[in-house]
Structure formats: structure tokens, C-alpha cells
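S.K.: Residues per chain, in single letters:
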Amino acid sequence: MSEISASAAPPPPAAAERLRFYASWLVAAIVLLLLPNIFTSGGSMTTFSLMGISIIFSLSYNILLGQTGMLSFGHAVYYGLGGFLAIHSMNIIGAHKLPIPLPIVPLIGGLSGLFFAALLGWVSTQRSGTAFAMISLGLAELIASSALILRSFFGGEAGVSTNRTKLLKLFDWSFGSQIQIYYLVAAWTLIAVIAMYALTRTPLGRMCNAVRDNPERVQFVGYNPHVVRYLAFCFAGFFAGLAGALAAINFEIANSAYLGAEQSGTVLFAAYIGGIGFFIGPIVGAIFVTFLSLGLSDLTQVWQLYFGLIFIAVVMFAPGGLTGLLMMHRPLVKAGTLPKVIPGYLIALVPTLAMIAGLVLSIETIVHYTVNPGDDPHIKAFGVGFDAASPFIWALAAVLLIGGFLVARKTWSWVGHAWDEAATMAREKGIAA
Amino acid sequence: MSAAIELRAVEKSFGQVAILRNINLSVAQGERHALIGPNGAGKSTTFNLISGYMKPTSGHVLLRGQEIAGLPPYQINRRGLSRSFQVTNVFTHMSVWENLRCAVLWSTGQRYAFWMNIDNLPEVRDRTAQILTDINLTARRDVPAGLLTYAEQRALEIGITVAGGADVILLDEPTAGMSHAETERAVALIRRLTEGRTLLIVEHDMSVVFGLADRISVLVYGQIIASGTPEEIRGDPKVREAYLGEEVA
Chain A
74 MSEISASAAP PPPAAAERLR FYASWLVAAI VLLLLPNIFT SGGSMTTFSL MGISIIFSLS
134 YNILLGQTGM LSFGHAVYYG LGGFLAIHSM NIIGAHKLPI PLPIVPLIGG LSGLFFAALL
194 GWVSTQRSGT AFAMISLGLA ELIASSALIL RSFFGGEAGV STNRTKLLKL FDWSFGSQIQ
254 IYYLVAAWTL IAVIAMYALT RTPLGRMCNA VRDNPERVQF VGYNPHVVRY LAFCFAGFFA
314 GLAGALAAIN FEIANSAYLG AEQSGTVLFA AYIGGIGFFI GPIVGAIFVT FLSLGLSDLT
374 QVWQLYFGLI FIAVVMFAPG GLTGLLMMHR PLVKAGTLPK VIPGYLIALV PTLAMIAGLV
434 LSIETIVHYT VNPGDDPHIK AFGVGFDAAS PFIWALAAVL LIGGFLVARK TWSWVGHAWD
494 EAATMAREKG IAA
Chain B
121 MSAAIELRAV EKSFGQVAIL RNINLSVAQG ERHALIGPNG AGKSTTFNLI SGYMKPTSGH
181 VLLRGQEIAG LPPYQINRRG LSRSFQVTNV FTHMSVWENL RCAVLWSTGQ RYAFWMNIDN
241 LPEVRDRTAQ ILTDINLTAR RDVPAGLLTY AEQRALEIGI TVAGGADVIL LDEPTAGMSH
301 AETERAVALI RRLTEGRTLL IVEHDMSVVF GLADRISVLV YGQIIASGTP EEIRGDPKVR
361 EAYLGEEVA
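Protein chains in written order, with this note's numbering: chain A, 74 to 506; chain B, 121 to 369.
No lab work stands behind these hints: they were computed from the structure. The beta carbon of each residue, even a glycine, is placed where N, CA and C say it ideally should be. Certain hints may be false.
[As the list claims (entries may be wrong)] Partial list, derived from the structure: chain B residues whose beta carbon lies under 7 Å from chain A:
id : residue
1  : Gly190
2  : Tyr194
3  : Asn209
4  : Thr212
5  : Met214
6  : Ala233
7  : Ile238
8  : Leu252
9  : Asn256
10 : Arg260
Work out the full structure, taking the sequences as your base and the hints as a guide.
M.R.: Written out as C-alpha cells, the structure is:
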């Protein structure tokens with residue numbers, strides 16, 4: 074080994090950098106610990122628990138999509154089976170007074186997810202791309218429909234319920250209250266996130282990226298891409314099962330909705346909206362989507378429609394997801410040219426918001442006439458009341474929508490110019506994107 | 121001593137169309153062997169058969185005397201045969217460093233390890249750094265492979281091919297599309313990196329072929345019409361008629 078080539082390797086991270094890395098995990102742990110002191114209501118504890126579960130599930134999904142390049146339409150299968158096996162385990166543990174405390178149960182869910190992924194994954198991971206996507210969809214339909222047929226295991230329409238407080242108590246924690254469940258979810262979320270992050274930095278994790286980029290070439294550097302995909306699939310199954318078990322503990326019930334297409338779709342949404350190209354992308358997406366699905370459903374009847382529109386907007390305008398949008402600005406921040414684009418953003422925001430307001434007015438008016446035509450036309454959406462029968466509102470909606478669109482298109486092209494200028498200046502300062 | 125690569129009566133057809141007919145080829149260990157011939161003669165198909173990308177319809181492919189016909193590419197690679205591609209075939213979204221490291225991993229025995237931090241493997245690190253220096257891309261270490269210039273991508277392609285330490289190297293048109301100066305640098309690189317190894321190279325640039333090869337085989341319409349030293353090939357009337365024409369006479 075010569076001196077020259079030794080210096081060719083990336084330098085090991087400096088002590089300060091390493092310290093910052095561990096400190097960020099520590100900060101995350103402290104934030105999780107302190108959250109209940111800031112948001113004290115039971116409702117927010119439920120929200121945070123759901124977010125934690127969704128974070129684990131979305132990250133597990135991104136092991137497939139973002140890291141290994143496998144688009145799955147049936148990831149909820151492993152989430153659901155993890156949930157069902159956790160419920161059955163809790164019932165068995167409770168009935169026989171087995172010495173297994175509740176915090177261990179998610180591990181049972183994870184191992185169930187791993188078992189079924191190992192069982193079902195070998196065939197589907199032979200290929201990536203369309204073949205994998207179609208097989209995952211087929212398997213998902215198979216399992217979801219058997220959930221309604223095999224009543225003894227899946228409990229039919231009603232599902233299977235349990236009582237989480239019947240298990241062995243640990244340090245006097247019965248896990249009856251939501252805050253104790255929150256801490257259970259938070260602890261597992263932290264463990265799972267660290268584990269999945271560590272996975273990306275192992276030889277297998279890097280070969281997953283290689284398989285995503287070019288499965289053909291992988292074969293010519295000694296690796297079998299099928300095995301790489303299969304192992305990634307097993308890991309994804311394990312963490313999905315873990316998340317499913319936590320959901321089962323949280324709700325004390327598991328039903329066929331856990332493994333259905335909607336659940337599989339939601340996790341795809343969350344990972345994609347957050348940004349599949351970044352490790353933290355699915356975390357951002359999970360928080361955003363959980364927040365949105367809880368928040369929007371209070372504000373409007375057709376919240377799923379808005380959800381879909383947001384997804385379409387992200388796919389079209391921000392393929393890197395929310396995280397990608399933020400990361401785009403990093404070179405500008407470093408070069409100090411960010412102020413060049415801020416005024417453009419502020420100007421473009423006005424017509425864009427007007428366009429969105431027009432869209433919302435139109436949608437809600439159409440919903441009134443198609444879904445509940447007999448009701449009082451004085452409706453309320455997003456906390457704002459208006460008369461859906463008034464021609465003035467129709468005109469306003471049309472003006473906002475069309476006018477907003479035309480002006481927004483113009484202003485965004487200005488933003489584009491300002492952006493190019495700022496990015497060029499950043500590049501001239503030697504800062505790569 | 122058995123030959124590094126030996127093809128015995130290899131045939132390959134796609135449906136009714138015979139691409140390769142009765143190919144017999146022997147590359148001795150440590151030899152630099154060039155495979156030349158007009159477009160569509162079956163040179164790339166020959167490479168695909170040797171490297172496991174395709175299976176021969178009939179015949180034997182031997183690597184150091186052992187049958188490898190029908191084995192998947194990764195098993196052939198693990199036995200010490202590595203190939204490059206005519207069209208650059210790298211891991212586009214990964215950095216140059218990551219590209220080379222992936223190519224080093226199997227040969228250092230990491231297999232599918234998911235319990236070790238990849239940055240804490242000194243052997244992997246040193247070997248990757250060595251290859252990176254060898255292909256002169258140290259300044260481009262952290263650049264995604266997709267953003268390299270064409271010549272740099274070709275150098276990376278060769279780097280990935282030799283990184284695993286295979287002692288039989290197959291290069292498919294490594295200088296295609298390069299300028300004269302770039303070709304010269306690429307040939308010097310190939311010469312250096314394949315020192316002491318067996319090389320089978322497909323190449324259209326006759327100055328490269330005659331400058332680099334110890335022996336040459338000529339493939340025309342799916343058949344090897346001649347095999348020999350550069351002088352023998354240059355003097356062979358069949359070769360001149362079928363392929364070389366008067367340009368190198």
C-alpha cells in the first residue's frame with residue numbers, strides 16, 4: 074500500500090463530525106423523551122404514537138423502494154401479519170400468564186414479518202421492476218382476501234382484539250394509558266431507525282444501492298442481485314412486522330384493513346412524498362402524512378381527494394419529495410445566494426395560494442352538488458363557511474382558479490430564472506449540488 | 121498448464137439464426153489476446169458466452185480447464201474472470217468511490233454482510249483507494265458516476281472490471297468513441313492494469329490491437345478464420361480479404 078493511494082481514500086470523519094453525529098441521535102432521544110411534557114393532551118400522545126409507527130413502516134418500505142429499487146404494492150401484508158401475530162401472542166401470553174412483558178411483543182411482530190417475507194419473497198425478488206410490482210400486488214390481494222375467509226385467524230370483518238394490560242407488568246407499567254404506549258412506541262422507533270440507518274452503511278446496504286442502480290453489472294462484480302433483493306425484502310418485512318405489532322398494541326385490535334391495499338398505498342405515499350432518495354425522507358413523509366390524514370379529515374369530507382392531489386403534485390413538481398425540495402437549497406445556503414430566490418418565492422406564493430383557494434372552492438362546491446345535493450348549501454370547508462349555491466362564489470372560484478393559474482405560471486418562471494442565477498453563482502464558488 | 125480461456129466447438133443461435141458457428145479459441149495464461157472482426161461478426165456474443173451473460177447453444181467454455189458454460193455471471197466472476205462492457209455500465213447514482221468499493225467487496229470476503237460498518241473495513245478501503253489511484257480518478261472520488269466525462273466513465277468501467285482482482289480480464293471495446301489522446305492514455309492504463317493477468321480484448325482500433333496484443337483471433341460471420349501473432353495475422357491473405365483490406369498492409 075503506497076502513501077499516495079492511502080491518501081486517495083476519503084478521510085475518516087473528524088472527531089467533531091463524529092461527535093455531532095452521535096449528538097444528533099442523543100438529541101432525537103431527548104426530544105422523544107420530552108415531547109409529552111410539551112404536548113400534554115392524550116390526543117397528541119395518540120398522534121405521536123401513530124407517527125412513530127408510520128415512521129418505522131415507511132422506512133421499512135424505503136429499504137425496498139429507495140434503497141434497492143423495488144416498487145412494492147403489497148408491503149402492508151407484512152405489517153398486517155406482524156399485527157395479527159402480535160395480537161394472538163398477546164392473547165396467548167395473557168391467557169397462560171407467560172413471563173413475557175409487552176415491550177417484547179413488537180419483536181414477535183417483527184419476527185413474524187421476517188418469517189412471511191422470507192417465505193413469500195424468494196419468488197417475487199427474482200426480478201425487480203414490473204414483475205416484482207405485479208407479484209407484490211397479487212400476493213397482497215391473496216392475503217387480504219384470505220383475511221376475510223380464514224375467520225379463525227383473522228377474525229373476519231370485526232378482526233381480533235386483545236387487552237394489552239393483561240400481560241406481565243414491567244416496573245409497574247401496565248401500558249393502559251396512552252403515554253406509556255407513546256414511550257413504548259418512541260423507544261422502538263428510535264431503535265428501529267438506528268438499526269435501519271446502520272443497515273445502509275453495511276456491505277449489504279451498499280450492494281442494495283448497486284442493485285437499484287444497475288442489477289446487471291452487480292452480477293459481474295460477484296454478487297447475485299436476487300440474493301441482495303431477497304435479503305433487503307426480509308429486512309423490510311421484519312421492520313414492517315415490528316410497526317404492525319406496535320399498531321396492534323396501540324389499537325388493541327387487528328383487522329383486515331391492516332393488510333389491505335389502502336395500507337400498502339399509504340406507505341408508498343408517505344415514503345414518496347417525504348423523498349425516497351434520502352434516509353430521512355420517509356421519516357418526513359410519515360410525519361407529514363400522519364398529520365395530514367388526522368388533520369384533513371376534520372376539515373373536509375373529501376380529505377382523501379386532497380391527499381391524492383398532493384401526491385400528484387409531488388410526483389410532478391418535486392420528484393425528490395419534500396426532503397428533496399429542502400436539500401435542493403443546500404448549495405444556495407452554503408454559497409449565500411439563497412436571498413436571491415426568496416423574493417421570487419414570496420411573489421409566486423400569492424397567485425399559487427389564490428389558485429389553490431379557487432381549486433378548494435370548486436371541489437367543495439362540486440362535492441356539495443354531487444355527494445349531498447339535498448343538504449343546506451351553506452357549507453364549511455377548512456373552517457371557512459360559504460354558500461355553495463351562490464353564483465358569486467362560483468365566479469370567485471373560477472377567477473381565483475384560472476387567474477391564479479395564469480399569474481402563478483408567470484411568477485414561477487421568474488423563480489426559475491432567479492434560481493438558475495443563484496445556482497450558477499453557487500457553482501462558480503465551487504459548491505456542488 | 122491449461123489455457124486461461126478455452127472455447128471448444130461453441131455454437132450460439134437465436135432461434136433459427138446461428139450467430140456463432142463452431143468457435144474454437146484458446147487464450148494462454150498471461151497472454152494479451154485480441155478478438156477482431158467486422159461489426160456483427162459475433163465478438164460481443166463471444167464475450168457474453170464466456171462471461172455467463174448468455175448460455176451457449178452447444179459446446180464447452182473452460183476457465184483454467186474447468187467448465188463454466190451455463191454458470192451465472194456472478195459465479196464465473198467469483199472464479200476469477202471479470203469483464204467490461206461496450207456501452208458504459210456503471211452504478212450511475214453512486215460516487216466513483218462507491219462504484220469501485222462495490223466491485224472490491226466480494227473479493228475481500230464480505231459477501232452479504234449486514235453486521236459490519238463498511239467504512240471500518242481496512243482491506244476494502246485500501247484496495248478501493250489503490251484502484252482509484254490506478255485509474256487516475258482520485259480528484260473525482262466523490263462525484264456521482266453519471267456526471268463523469270465519457271473518458272472518465274470508460275476509465276471507471278475498467279476500474280470496476282479489474283477491482284475484484286480477477287486474473288482473467290475481458291475488455292469489450294474499451295477505447296470506443298475516444299479521441300486519439302484519450303485512446304493513448306486508455307491503452308497505457310490497460311497495459312498497466314493487466315500486467316501479469318490474462319487479457320482478452322475486443323477492439324476496432326487496429327493501432328491499439330497491433331500495439332497491445334500478443335496474439336490475435338479474427339472472427340468473421342460467426343467463425344474464427346485465423347488465430348496467430350500480429351505478424352501472422354497481418355500476413356494472412358484470408359484475413360486481408362475478409363476484414364483488414366489494404367489499410368494495414
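S.K.: Tell me the numbers of any earlier hints that the structure contravenes, in ascending order.
M.R.: 1, 9, 10
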